[in-house]
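Here the structure of chain Y is known, so what remains is to put chain D in place on it, guided by the hints.
In order, the protein sequences belong to chains Y and D. Residue numbering for the first sequence is 0 to 220, as defined by numbering that gives the first Met the number 0. Residue numbering for the second sequence is 0 to 800, as defined by numbering that gives the first Met the number 0.
Rather than coming from a laboratory, the hints here were simulated on the basis of the structure. Glycine residues also receive a C-beta, built at the ideal position from the N, C-alpha and C atoms. There may be inaccurate statements among the hints.
Said to hold, decoys possible - In silico lysine-lysine, BS3-like type, Cα no more than 30 Å apart, as pairs:
no. : chain 1 : residue 1 : chain 2 : residue 2
1   : D       : Lys520    : D       : Lys483
2   : Y       : Lys131    : D       : Lys16
3   : D       : Lys473    : D       : Lys483
4   : D       : Lys292    : D       : Lys70
5   : D       : Lys473    : D       : Lys422
6   : Y       : Lys131    : D       : Lys15
7   : Y       : Lys75     : Y       : Lys113
8   : D       : Lys490    : Y       : Lys62
9   : Y       : Lys131    : Y       : Lys113
10  : D       : Lys473    : D       : Lys645
11  : D       : Lys552    : D       : Lys520
12  : Y       : Lys75     : Y       : Lys62
13  : D       : Lys115    : D       : Lys410
14  : D       : Lys292    : Y       : Lys113
15  : D       : Lys719    : Y       : Lys75
What the hints assert, rightly or not - Cβ pair distances, simulated, as ranges:
no. : chain 1 : residue 1 : chain 2 : residue 2 : range
16  : D       : Phe730    : Y       : Asp67     : 47 to 57 Å
17  : Y       : Asn24     : D       : Ile793    : 35 to 45 Å
18  : D       : Ile793    : Y       : Gly111    : 36 to 46 Å
19  : Y       : Pro95     : D       : Val256    : 39 to 49 Å
20  : D       : Ile793    : Y       : Glu73     : 31 to 41 Å
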Amino acid sequence: MEILTASHLSKQYPGEQNLALDDINLAVTAGEFLAIVGPSGSGKSTLLHLLGGVDRPSSGSVKLYHTDIYALNETKLAIFRRRQVGLIYQFYNLIPNLTVTENITLPTELDGQKVEQTRLEQILATLGLSDKRNALPGQLSGGQQQRVAIGRALINQPAVVLADEPTGNLDQRNSQEIMQLLHAANIKQGQTIILITHDPLIAQQASRVITIEDGQMKETR
Amino acid sequence: MNVITRLNLRSFRTEKKRTIATILAMAIAATMAVAILVGFRSVQLTIYNRERQATGGVIAFNQITARQKDKLLASGHFASTASLKEMKPVKLVDKKRLPTALKTPNHFEITELTSKNLNKLVAPLLESGHLPKTQQEILIPNDLSSEQNRSGQKLTVLAAGQKKDYQIVGTYNAYLPGFVPTGLITYDQQQVATSETLIVTPKNLTAIRAQAQQLASNNQISAKQLSFNENALLMLGQSTNAHQRVELYSTILICLVIVGIAALILIFTSINLSVRARRQRYGLLRSIGMTPKQLRHLVYQQALTLAIPALLLGYLVGIGGIAFAIQRLNQLFVKNHVNMQLYFAVDWLPLLSAAIFMMLITLLAAASPAIRASHTTPIAAIRSLSISPKLTRHQLKETRLIEHCHKPILKLALKNYRRNAQKLTMLVMLTTTVAIFISLTSFATNVISNAPSGTNEDLSVTMTNAPEQEIALKQILKQSNNIKKSLIIHKSNIDASLVIAKGPSSGTDLPLVTVDAQRFKRDFNNHPTIINTQIYEEFSGGNRIRAWLFAEKHYQGPVTFTTDLQRSTKHPQKVMLDDVHIVPITQLIGYQLLFPIDGGGALIISTTQYHELFKPLKIPKDSIDLLAGVTLKNRDKHIALTNALKQRFPNAEIYDSISANAESTTIAITMRVIALGFISLLSLISLATIINHTFSALIEQRRGLAMLQSIGTTPGQVTKMLSIQNGLMMFKGWLIGSIIGSAIYYELAKQSQIEPINTLNLPVAQIMMAGIVLILIQLIFAIITHHILTHQNIDVLIRND
Chain Y
0 MEILTASHLS
10 KQYPGEQNLA
20 LDDINLAVTA
30 GEFLAIVGPS
40 GSGKSTLLHL
50 LGGVDRPSSG
60 SVKLYHTDIY
70 ALNETKLAIF
80 RRRQVGLIYQ
90 FYNLIPNLTV
100 TENITLPTEL
110 DGQKVEQTRL
120 EQILATLGLS
130 DKRNALPGQL
140 SGGQQQRVAI
150 GRALINQPAV
160 VLADEPTGNL
170 DQRNSQEIMQ
180 LLHAANIKQG
190 QTIILITHDP
200 LIAQQASRVI
210 TIEDGQMKET
220 R
Chain D
0 MNVITRLNLR
10 SFRTEKKRTI
20 ATILAMAIAA
30 TMAVAILVGF
40 RSVQLTIYNR
50 ERQATGGVIA
60 FNQITARQKD
70 KLLASGHFAS
80 TASLKEMKPV
90 KLVDKKRLPT
100 ALKTPNHFEI
110 TELTSKNLNK
120 LVAPLLESGH
130 LPKTQQEILI
140 PNDLSSEQNR
150 SGQKLTVLAA
160 GQKKDYQIVG
170 TYNAYLPGFV
180 PTGLITYDQQ
190 QVATSETLIV
200 TPKNLTAIRA
210 QAQQLASNNQ
220 ISAKQLSFNE
230 NALLMLGQST
240 NAHQRVELYS
250 TILICLVIVG
260 IAALILIFTS
270 INLSVRARRQ
280 RYGLLRSIGM
290 TPKQLRHLVY
300 QQALTLAIPA
310 LLLGYLVGIG
320 GIAFAIQRLN
330 QLFVKNHVNM
340 QLYFAVDWLP
350 LLSAAIFMML
360 ITLLAAASPA
370 IRASHTTPIA
380 AIRSLSISPK
390 LTRHQLKETR
400 LIEHCHKPIL
410 KLALKNYRRN
420 AQKLTMLVML
430 TTTVAIFISL
440 TSFATNVISN
450 APSGTNEDLS
460 VTMTNAPEQE
470 IALKQILKQS
480 NNIKKSLIIH
490 KSNIDASLVI
500 AKGPSSGTDL
510 PLVTVDAQRF
520 KRDFNNHPTI
530 INTQIYEEFS
540 GGNRIRAWLF
550 AEKHYQGPVT
560 FTTDLQRSTK
570 HPQKVMLDDV
580 HIVPITQLIG
590 YQLLFPIDGG
600 GALIISTTQY
610 HELFKPLKIP
620 KDSIDLLAGV
630 TLKNRDKHIA
640 LTNALKQRFP
650 NAEIYDSISA
660 NAESTTIAIT
670 MRVIALGFIS
680 LLSLISLATI
690 INHTFSALIE
700 QRRGLAMLQS
710 IGTTPGQVTK
720 MLSIQNGLMM
730 FKGWLIGSII
740 GSAIYYELAK
750 QSQIEPINTL
760 NLPVAQIMMA
770 GIVLILIQLI
780 FAIITHHILT
790 HQNIDVLIRN
800 D
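Next comes chain Y alone, as it looks inside the complex (with noise of 0.2 Å):
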C-alpha cells in the first residue's frame, strides 16, 4: 500500500537559476526501507525536506495517507508533522536543557498526549537509554545523543521516519549501531523509513535506492 507520493515535485531557491529539484515522483509503500543517495548539492536533503513537510515544495505534491500536506495550514501542517513525520538529523538537534526523556516524550507533550510509559520505558531499553534517562544531551556521547533523536522521531508511531545522514556524524561502530535501531523498528514494527546517506554500505541495506543527481531522480535498485 503506498502511503507516501509526491508528484511532480519541484523547488527552486530564490535567486538561484538552477532548479534544486526537477520533476520527482516518487511513491513510498507501507513497511518500506528507502536510501536516497547522491552526490552533495544533489538535492537529496531536499526532496526529504519537502517529504517530510519541514521545506515547500516551488510546484508538485506531496500525499501521506492521501492528504496533500502542503494544502495545510500551518497549524495544521505542525501538527501533522508531529503525528505523522518523525525527522532525525545528522547533528542530533536535540534542545540542550531537556533530559533524554524530556527529549524523547517533547512530540507526544506537545500534542497535549499523556504519555505511555510502557512505551516510553521500551523505547529507552531498545535504544539502551536506559540508565541515562535522565541525562542532558551535552553528557552523552554522538552514537547515545543520535539514539536519543531516534527515539524522539519513533515516541508518536510516525507513518514516516526521515533520516538526513543520520550516520554521517558518527563512526563505524555507533553507525552499525544506529542502523541496527532503524532496521529493528522497520522490521519490528513495519516503520517506513526513508534515509539519506552518502555510505555504499548503508544503502546498501536499505530495501530500495534512489539516487538524485542535478535534482533529477533515478531508480537505481
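Below, chain D alone, put in the same frame as chain Y:
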C-alpha cells in the same frame, strides 16, 4: 507541568546569565513605573492631607440641627470631625469703624467654636494675633481690619437687641478656602445655636460625594446643605469638573507614556535578543511539530514569567527609593522650618497599576518577537541558520566609498554595515533612545534651572536716609565676618518717566536711584545711567520672547520725574537729560544684588545731581530711602546678622530672604529631587537599551564571526571590523537622535512656556553626554568582543549552535 512551562523553566535555569540580564532590564522599567505611581499616589495624598488640614475636613453638613449632628457622629464613618455653631447675625454698634465697602449692610455672621475646633478650623486661616481663648475675645476677618479695628481694641456688637463687648485678638484671612462662614469668630458661649455645621473627613476615601449624599439622605439633610473641600477632592480625582480630572490624570498619563515607550524599547530589546538567540531551537521545535501558536505562547509565557521577579524587584527598589527620598525631604522640611509633610503612601492602587502596566508593556514588547518566533521555519534548524538574508540589489551594490577603500577589514565592515538586514530596526531603536534621553533630560534640566530661586540678596535693609545711619550700617557690615557682597544705594520715591520709541519700554516708569559721587564716577563714568533689565514679551501665537527693556544704548531726551504727591496734584517736573547711558545689568558687577535681571531696572544719578534737580521742588528729606543688599558667606548664620541689624535699627525694614525663601527653596529642592530621579531612571533605561542592543547584535553574529576566524581572520581584525560597524551605527543613531531629541525638547519647552523661545539653546551638554556614553559603550563593546572572540570554541559554533 505543561511542556511549554517546562521548556521555559529549563531555559531560565540553563541560561542564567541571559535570564538575569533580562530580569534586570525589565526591573529597571518596573522600578520607574512603581516609582512614578507610588510617587504620584504619595503626592496625591500629601496635597489631599494639606488641603484637608488647611480647612479642617472634606465634607461639611451645613446648617444642621444638634440632633442631626449627633446622629451623623454616631454613624462611625468619619476619621475626624469638627463643628461650629452659627448664631444670629450681629451689627456693629459703631458703624464708622467699618471700611467703606462694608458699611452696608451692617450685618455680620457670628460663629462660635470650642478651643479644639478653633484649632482645627480657624488656626490655618489666622493672619495676625491669636485665637479667642475666652468668651470675650473675638477674631475679625482681614477685610474688616483697619486703623480702628486692630488687635487689642474693643468691638461692640448688637446681638438680638443687646449690646455685647468683645476684645479683638486677631484677624483671619477670609479669602482662603474654608468651611467657617465669613464673619466674626468667637469662643463657644455655651448658648443654643441657630444651626450647626459639622465638618468631617471620611474614613473611606472612595466616592466621597456619594457617601456624603447617602449619609445626608439617611439623616433628612438636603443635598443643598452639603459642601465639599473641592481642592482635596480634586487631588483624589473626584472633582465635579471633568476638565480638572482630565488635567490631573493626563499628567500621570504623560509620565507613564514616556516611561512606557522607554520600557517598551528596553523590554522589547531584551526579549528580542532571547528570541534571536534561540531561533535555531524554535526551528527545531517547529520541525518536531510545535505549532506557531504554541511557539507564540512559549515567548509570551517566557516574557511574562520573567516580568514577575522584575516587578518584585521594581517594587523593592521603587518603593524603597521613594520612601528614602520622602524621608530625606521631610528631614529637609523640618530643618528649614517648612510647614510641609510628605506622606509616603503605598496602597494597593499604585501597586496594582504598576503590575498591570508592566504586564501590558511586557505583552506589547513580546508581541513582535513572539510573532517572529512563530514564523521560524523548521528549515532554520536543519540548515543551522544558514539562510541567506534578503538583500536588495541596492544593498548589494558597492558604494564609491567601499570601492575606493583599500583596507580589507574596513571594506568588509562597510559591506557588512550596508548589508545588515537588522540595520533599520537597530537604528530606529538607537535613535529613539537617544532622542528620548536628550529631549527629556534637557527639558527636565530646563525646568530645574527655571525653578524659582528667590531674590538675589540674602538680606536687605530699607530705612530712612540719614548720614549717621549709613555710617552705622557700613560699620556693622564691616565688622561682620560673614559678608560676601554688599551694596548700599539711595532710592527715591520719585519715578522717572522716559519717552522712548523703540523697544518694549516706551512709557515705562523707572525708580530713581542715587549713588555717591565716588561710586558714580567709578561705576557709571559720571553719566546718568539706566540699568537695563529683561522682560517677557508675549506674542499672539503664545510664544514668549525674553527681551531687554531698552533696545538702544543711549537716551537723550526729556525725562519726567513724578512723585506720589505730584501725581495727585498733577505737577510733574520735566527736565532734559544729556546722554543717558543704557547699560545691561549683566555688565554692572555687584548691582545684580539689588537689581535682578528680570526686575524693573532703574535710573541712576549722583546724589549731587539729585539735589540740584529737586531743590526747587522742596521734596522732604525722608522721601529718599537708604537701601542695602547683602549676600552672606555662610547662609546658615543669617539670623545673627538679622538680629544685629534689628537691634541697631529698630525702625528699619529688614527683609531676611533666607527665612522667607526657605519654603520656596525647599520646594525647589523637592522639584529638583523628583526631576533628577526621573532623569536618572530614564538615563538608566536608555543606557540599558543601548547596551542590550549592542550586545544582542554581537551574540547573534557569533556563528558568522567564528566562520571568519576559521578562515584565518584574527580576533583583533574581527574586533576592529565589528567596532567600525557598530561605531557607524552609533554615530548615525546619535546624530539623528540628537536632531530629533533637540526638536522635541524645543517643542516641549515652547509648549510649556518655561523659558522664552529666543533664549532656548541647543542641548549641547545632553548631546555630548549621549555621545560620551556611546563612546564608552563602544569601548566596552570592543573589549568584550575581543574577549569573546579569543575564548570561543570555533569548531562548536561552526558545527552547531
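Structure-based check of each hint:
no.	hint	verdict
1	D/Lys520 - D/Lys483	holds, 24 Å
2	Y/Lys131 - D/Lys16	holds, 27 Å
3	D/Lys473 - D/Lys483	holds, 14 Å
4	D/Lys292 - D/Lys70	violated, 62 Å
5	D/Lys473 - D/Lys422	violated, 71 Å
6	Y/Lys131 - D/Lys15	holds, 25 Å
7	Y/Lys75 - Y/Lys113	holds, 20 Å
8	D/Lys490 - Y/Lys62	violated, 104 Å
9	Y/Lys131 - Y/Lys113	holds, 21 Å
10	D/Lys473 - D/Lys645	holds, 14 Å
11	D/Lys552 - D/Lys520	holds, 19 Å
12	Y/Lys75 - Y/Lys62	holds, 14 Å
13	D/Lys115 - D/Lys410	violated, 85 Å
14	D/Lys292 - Y/Lys113	holds, 20 Å
15	D/Lys719 - Y/Lys75	violated, 47 Å
16	D/Phe730 - Y/Asp67: 47 to 57 Å	holds, 53 Å
17	Y/Asn24 - D/Ile793: 35 to 45 Å	holds, 43 Å
18	D/Ile793 - Y/Gly111: 36 to 46 Å	holds, 41 Å
19	Y/Pro95 - D/Val256: 39 to 49 Å	holds, 41 Å
20	D/Ile793 - Y/Glu73: 31 to 41 Å	holds, 35 Å
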